[in-house]
Amino acid sequence: MEEDEDMIQKKMMFVMRKAPHGSIYPYEGLEVVLITAAYDQDISMLFIDDGVYSLKNEQNTEGIGIKGFMKTYFALEDYEVEKLYVDNQSLKDRGLSKKDLIDVNLQYFNRDEIKKLMDEQEILFPF
Amino acid sequence: MLHTVNKSPFSHNNLESCLSFAKEKDAILLYEDGVLGAQAGSKLESIIKEALKKHTICALKEDLNARGISKTVGGIKVIGYPEFVDLVVEHKVVPWL
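Order-wise, the sequence lines are chains A and B.
Going by this note's numbering, the first sequence opens with residue 1, and the numbers climb by one from there.
Going by this note's numbering, the second sequence opens with residue 1, and the numbers climb by one from there.
Source of the hints: derived by calculation from the structure; they are not laboratory data.
Cβ coordinates follow ideal geometry from the N, Cα and C atoms, glycine included.
Errors might be hidden in some of the hints.
Straight-line alpha carbon distances no greater than 20 Å define the calculated EDC-like cross-link-like pairs of lysine to aspartate or glutamate that follow [to be verified]: (1) B:49 - A:93; (2) B:43 - A:49; (3) A:71 - A:58; (4) A:10 - A:100; (5) A:92 - B:45; (6) A:98 - A:62; (7) A:92 - A:103; (8) B:61 - A:58; (9) A:11 - A:58; (10) A:10 - A:31; (11) A:11 - A:80; (12) A:83 - A:119; (13) B:71 - B:90; (14) A:115 - A:28; (15) A:71 - B:62; (16) A:83 - A:40; (17) B:71 - A:58; (18) B:49 - B:86; (19) B:71 - A:93; (20) B:43 - B:24; (21) A:115 - A:80; (22) B:43 - A:93; (23) A:11 - A:31; (24) B:43 - A:28; (25) B:61 - A:62; (26) B:71 - A:31; (27) B:92 - B:45; (28) A:11 - A:100; (29) A:92 - A:113; (30) B:53 - B:16; (31) A:67 - B:45; (32) A:71 - A:28; (33) B:61 - A:80; (34) B:71 - A:77.
Facing chain B, according to a computed beta carbon distance under 8 Å, are these residues of chain A, among others [what the hints assert, rightly or not]: (35) 21; (36) 37; (37) 61; (38) 71; (39) 72; (40) 75.
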């Protein structure tokens, strides 16, 4: 596309900090990530606080009558969204560890490293 | 009395309030995001264990499954929708929304 040359690329981070299924935020956040990815932006997703539950493995939403969106995380790579950051402390606080999360390429960081990552961004979107 | 909690105890103080106002022997039901508090090994485990000495605590199976939680704090009763209905019929309900 011709416009591509003029397109401004921004470093943007989607900060996911709400639990899935109880509210629409994590799902909507994921949708916005997919839409934004179409505009060739430098995207990362940061999972902190209850946001880490979106990455929990073995989610089965059949009993609560909703489709669930866990599988969409496996498609992120195809949209070239490859920077998925997880806060170690948030996992620990919730009694979770790396082996409790879905099998996608996740990078784990401590708080000090996350502060740095957040600081490097031009735009931060809260979900 | 039956106290129902549907918010994550990691991001809201509903469970904390519920526990401080619930009288001894009152039952507590965790559902929707409230079931996140049932996870074994979390930083809230000691609070849940302490609460289990005074209360029956139930967690809704369907909500646990939806969130992939299979390891719950020992003593928490995992129940389904039919038992949920029984609890609501048997008790006066205090919802912590």
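Those earlier numbered hints the structure runs against, lowest number first: Checked against the structure, the hints that fail are numbers 4, 6, 9, 13, 14, 18, 20, 21, 24, 26, 27, 28, 31, 33, 34, 36, 38, 39 and 40, while the rest are satisfied.
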